[in-house]
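Protein chains in written order, with our numbering: chain A, 1 to 117; chain B, 1 to 114.
Treat the hints as calculated values from the structure; they're not laboratory data. One thing to keep in mind: the hints can contain errors.
Here are the simulated BS3-like cross-link-like pairs (lysine-lysine), alpha carbons at most 27 Å apart as the crow flies [unchecked claim]:
no., chain 1, residue 1, chain 2, residue 2
1, A, 13, A, 57
2, B, 101, B, 1
3, B, 109, B, 42
4, B, 68, B, 109
5, B, 101, B, 42
6, B, 109, B, 1
7, B, 68, B, 1
8, B, 42, A, 13
9, A, 57, B, 1
10, B, 1, A, 13
11, A, 13, B, 68
12, B, 68, B, 101
Far from chain B, some chain A residues (derived; all Cβ distances over 10 Å) [as the list claims (entries may be wrong)]:
no., residue
13, 6
14, 52
15, 55
16, 95
17, 113
With the C-beta cut set under 8 Å, the calculated list includes, among others, these residues of chain A facing chain B [stated by the list, open to error]:
no., residue
18, 50
19, 56
20, 60
21, 61
22, 62
Don't be surprised by glycine CBs; every beta carbon is placed ideally from N, CA and C.
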Amino acid sequence: KAGVTQTPRYLIKTRGQQVTLSCSPISGHRSVSWYQQTPGQGLQFLFEYFSETQRNKGNFPGRFSGRQFSNSRSEMNVSTLELGDSALYLCASSRRYPDGSYNSPLHFGNGTRLTVT
Amino acid sequence: KQEVTQIPAALSVPEGENLVLNCSFTDSAIYNLQWFRQDPGKGLTSLLLIQSSQREQTSGRLNASLDKSSGRSTLYIAASQPGDSATYLCAVRPSSGGYQKVTFGTGTKLQVIP
């Protein structure tokens with residue numbers, strides 16, 4: 001069974017540009033969440049998608065956005081990149097019931113390392 | 001607001017030693033608690049998941065316990081090996097219903113010395 005796949009693994013962008021990261025969840029997992037990891041702030045929640053709808057959002061500016069497709073694949077976009085956006089971006093998937101309860105652990109991909117210069 | 005703390009931030013032990021990693025959380029209304037390991041530059045690998053109704057879970061040399069009333073979980077690693085060197089994180093999912101975010105601890109960086 002394939003794990004969570006994130007592409008690309010590495011990205012180098014300049015300030016002001018925008019970037020799109022992709023995440024393919026484990027087959028059957030409809031919940032996808034995104035996290036930013038930096039040495040100073042640790043792991044911070046960005047947002048969660050379920051059934052193509054954003055269900056929760058962390059404390060990040062509107063430059064950070066995402067979406068989920070009907071096949072549960074998800075993308076996140078960061079516009080007008082700043083130096084402080086340099087981080088490891090992690091995607092996780094899990095199985096959950098429509099009532100919001102979970103019946104599986106979170107499974108993470110290997111992340112996308114974004115460097116903004 | 002849930003806060004999750006992991007102490008110590010770093011730990012260095014000789015190979016073969018049994019060790020305990022700690023995870024403390026401030027709000028006992030949790031749905032589950034999950035332990036992960038993270039190798040440098042990689043994603044998180046799930047180790048153990050404990051539901052709120054459980055007291056412990058075991059997988060191989062790993063044993064995780066949960067005490068909701070005191071807001072604590074421990075990860076016990078038996079007979080540590082150099083391959084166990086990694087950062088260990090715990091994550092708490094709240095039980096308040098709806099789509100509530102998971103809160104992660106800051107991690108314990110473990111080094112097992114051959």
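Evaluated hints:
1. 13/A x 57/A: 25 Å, holds
2. 101/B x 1/B: The hint holds at about 11 Å.
3. 109/B x 42/B: This hinted pair holds, its Cα atoms lying about 14 Å apart.
4. 68/B x 109/B: Within the cut-off at roughly 24 Å; holds.
5. 101/B x 42/B: 22 Å, holds
6. 109/B x 1/B: Roughly 25 Å between the alpha carbons, so the hint for residue 109/B and residue 1/B holds.
7. 68/B x 1/B: With a Cα-Cα distance of about 16 Å, the restraint between residue 68/B and residue 1/B holds, given a limit of 27 Å.
8. 42/B x 13/A: Within the cut-off at roughly 20 Å; holds.
9. 57/A x 1/B: Since the Cα atoms of residue 57/A and residue 1/B sit roughly 15 Å apart, the hinted pair holds (cutoff 27 Å).
10. 1/B x 13/A: With Cα atoms ~35 Å apart, residue 1/B and residue 13/A exceed 27 Å; violated.
11. 13/A x 68/B: 44 Å, violated
12. 68/B x 101/B: Answer holds: residue 68/B to residue 101/B is near 18 Å, not above 27 Å.
13. 6: It is violated; residue 6/A is separated from chain B by about 8 Å at its closest Cβ, not greater than 10 Å.
14. 52: The claim stands: residue 52/A keeps its Cβ more than 10 Å from every Cβ of chain B (closest is about 14 Å).
15. 55: 4 Å, violated
16. 95: Holds: least Cβ distance 12 Å, greater than 10 Å.
17. 113: 7 Å, violated
18. 50: For residue 50/A, the interface hint holds, since the closest Cβ of chain B sits about 7 Å away, which is under 8 Å.
19. 56: Given a least distance of 4 Å, the restraint on residue 56/A holds.
20. 60: 12 Å, violated
21. 61: 17 Å, violated
22. 62: 18 Å, violated
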